[in-house]
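Novice: As a plain string of letters, each chain reads:
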Amino acid sequence: MRKGLHPLVMIVLVAAVMLFGRALPTWTLSLATIAASNALIALGIVVLARTGNVSFGQGLFFAAGGYGVALIANAWGLTDAVAQVIVGAACGGLLGLVIGPLIARYSGIFFGMLTLALSMVFYGALVKSTALGGSDGFNVGRPSLFGMSFTDPREADFMLYAVSVIVTGFAGIATTILFRSEFGLASLAVRENNLRVEYLGLSANRIISINFLIAAIFAGASGAFALMAQRHIDPQFAYWTTSGEFVFVAVLAGNQSVAAVFVASMALELVRSFSNLYLPNTWQLVLGVFLLGVILFLPRGIGSLWIRDRRMRRITATAPLAAERGAAP
Amino acid sequence: MNFFLTIILDGLIQASWLFIVALGLTLVFGVLKILNIAHGSFYALGAYIAATAVTMVAARGLPPSVGFVAMLLSVALIAAAVGLLLERGLLKMFYGRDEVVLLLVTYAVFLILEDVTKLIWGVNPIYATQPYELFGNLEFAGLYYVGYDLVLIPISAVVGFAIWFGLNRTVIGKIVLAVIHNEEMSVSMGVRVNRVYAIAFAFGVLLAALAGALTAPKISMQPGLSSDVIILSFAIVVIGGLGSVEGAAVGAILVGLARAASVHLMPQAELFMIYLIMAAVLMFRPEGLFKRETARRI
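Those sequence lines, one after another, are chains A and B. When we follow the numbering used here, the leftmost residue of the first sequence carries the number 1, and every step to the right adds one. When we follow the numbering used here, the leftmost residue of the second sequence carries the number 1001, and every step to the right adds one.
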């Protein structure tokens, strides 16, 4: 087992990143908030991807979290940022609890397509529901924190940044612990061969369901952040290209390291805002070329740039085997 | 009674072009084992190219029938070229990687083509309505239809039959089936699998672009076209079973009827209905309606 950073060191790191926000200019602050929020949902995809399943429908839980928070905020006046994150995570988690066991028996492309289908069903329902504003969506008020309301936009941005960095940071720490645990290793085994895992007396379906639930909770919380940052919600949250972007971050990061997810998410947001600035009509083109480049030159994600230990070399040694499996019918 | 006939005819018209798109998608998946997200972009590309061809022909004062032929020919040529170029130049580099990785490669191609079409044709809607009046209006059991719409049904039947015949009754088709069935064995029998890949992919692009060209006179071309079409054709091939021609036909008819029925009965449930069907099929037959389960390695 690789000796990694101690969790306490990670907590200090998260706190440092949070305080660093004080020094950042305002435009980077909101950029970093979105990046942290996207990192959270991409982290969920990475967690799930360790079982060999890629979800192309995380937008479902993203939108469920967002809409859940927005409706409760407007109905009961719940504006507290932390409470909203918890509500979002609960909405995503509840949905994940229902859907996870149902689709855990699918794998590969069918898993991806089914998640995509479910998110598009939700999208279709949202677009047509006039009570929820249809395709225009609706607005929500500014979030507060522990009874304090922020009128200065800079303070409000920093509050959101701090909350999102702390929540995403803690999710990252929890995920690291999870990856190193027995359960995390069993998840990797499911990706390699789910039948053999069953022979060992573990339930592959249960492992996938639990990982799916974690991904759904992260996605719901991320939806809450996106809502607080935009103060507006519309069905685009559940559209498949939204989910595609999250998968993009996850691929960019690879499943080697949790920190890579944050770096990848920040990199994507920077690429996006720079191409918005300099190449306003071609940012998707830039994104596509960027994605191809990463898949071609960094097949295991940007995490592989700094993680090279014995375990990695052994995986490289078995790469031809994986290639054969990919080519088999 | 007339009401049901309207739904069925509308559904079949929808199904006819959806079938051609889905056929391309299912062919590419069968041979290359790639679920091609960029397939919708090829459809959009075909529609845009057809619009340009039609407008150029109309500008020279030639009759719409020439425009119709010109749009089909130009689409066929350009699509084959784009298909070969993409397969040989790009996809080749990723063979042997995970299915999901290939899915992402095609997602990247989708993103790139999305902006390329915007760069070439702009973001404003484009129309190419001249061929739409080509076949006049027809009366069918008391209902009036635009002839062009009804002509789409036999065209798609011919295309479907041609593909089925090509695959099952010609030597090249048999070779393609052999590659679909067992690639390693085909290689050892002396089949040039790379060439089959290139041809199959080019055909897939061609079919998508052809469907785009055929629908071009009916619709307005604007950004977002490709992502709507890919979502529909995914549903069709998943319902029918990935890699199955018959499945694509049945899936297209189901989706076409579902669309037409929801447009007439419950307009708010259109997308919802299609995905509900797809989810239901996947729940009971995870491999789709027309695909036999295969043994897997342990």
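Hints listed in this document are in silico derivations from the structure and should not be mistaken for laboratory results. Watch out, some of these pointers could steer you wrong.
Restraint-style ranges between C-beta atoms, simulated for each label pair [to be verified]: (1) A:G134 with B:L1119: 29 to 37 Å; (2) A:N193 with B:M1185: 31 to 39 Å; (3) B:A1081 with A:L13: 48 to 56 Å; (4) B:A1080 with A:L13: 25 to 33 Å; (5) B:A1157 with A:V289: 23 to 31 Å.
Chain A is faced by these chain B residues, among others (derived, beta-carbon under 8 Å) [unchecked claim]: (6) I1007; (7) I1008; (8) D1010; (9) L1035; (10) V1101; (11) L1111; (12) I1120; (13) G1166; (14) R1285; (15) P1286; (16) L1289.
Predicted, not measured: the structure shown is a model, and the values here were computed from it. We put the CB at the ideal spot given by N, CA and C, even for glycine.
Novice: Against this structure, judge whether each hint is valid.
Specialist: Results of checking the hints against the structure:
With their beta carbons about 31 Å apart, G134 of chain A and L1119 of chain B fall inside the hinted range of 29 to 37 Å. Separation of N193 of chain A from M1185 of chain B is about 24 Å and departs from the stated range, judged on CB atoms against 31 to 39 Å. The beta-carbon spacing between A1081 of chain B and L13 of chain A, approximately 52 Å, falls within the hinted interval of 48 to 56 Å. A hinted range of 25 to 33 Å for the beta carbons of A1080 of chain B and L13 of chain A is inconsistent with their spacing of about 54 Å.
Look at A1157 of chain B against V289 of chain A: about 40 Å separates their beta carbons, and that is not inside 23 to 31 Å. Because the beta carbon of I1007 of chain B sits about 19 Å from the nearest beta carbon in chain A, more than 8 Å, this interface hint is broken. Look at I1008 of chain B: its Cβ only gets to about 23 Å from chain A, farther than 8 Å, so that hint breaks. Using the Cβ-Cβ criterion of 8 Å, the hint placing D1010 of chain B at the interface with chain A is not satisfied: the shortest such distance is roughly 19 Å.
Taking 8 Å as the C-beta contact cut-off toward chain A, the hint placing L1035 of chain B at the interface holds, the least distance being around 6 Å. Checking V1101 of chain B against chain A: minimum C-beta separation of about 6 Å stays under 8 Å; hint holds. The closest approach between the C-beta of L1111 of chain B and any C-beta of chain A is roughly 3 Å, which is under the 8 Å cut-off, so the hint is satisfied. Interface restraint check for I1120 of chain B: the shortest CB-CB distance to chain A comes to about 12 Å, outside 8 Å, so the restraint is violated.
Annotation: interface hint on G1166 of chain B violated; nearest CB of chain A at approximately 22 Å, more than 8 Å. Because the beta carbon of R1285 of chain B sits about 11 Å from the nearest beta carbon in chain A, more than 8 Å, this interface hint is broken. Interface restraint check for P1286 of chain B: the shortest CB-CB distance to chain A comes to about 6 Å, inside 8 Å, so the restraint holds. A hinted interface residue such as L1289 of chain B counts as satisfied when its beta carbon comes closer than 8 Å to some beta carbon of chain A; here the least separation is about 14 Å, so the hint is violated.
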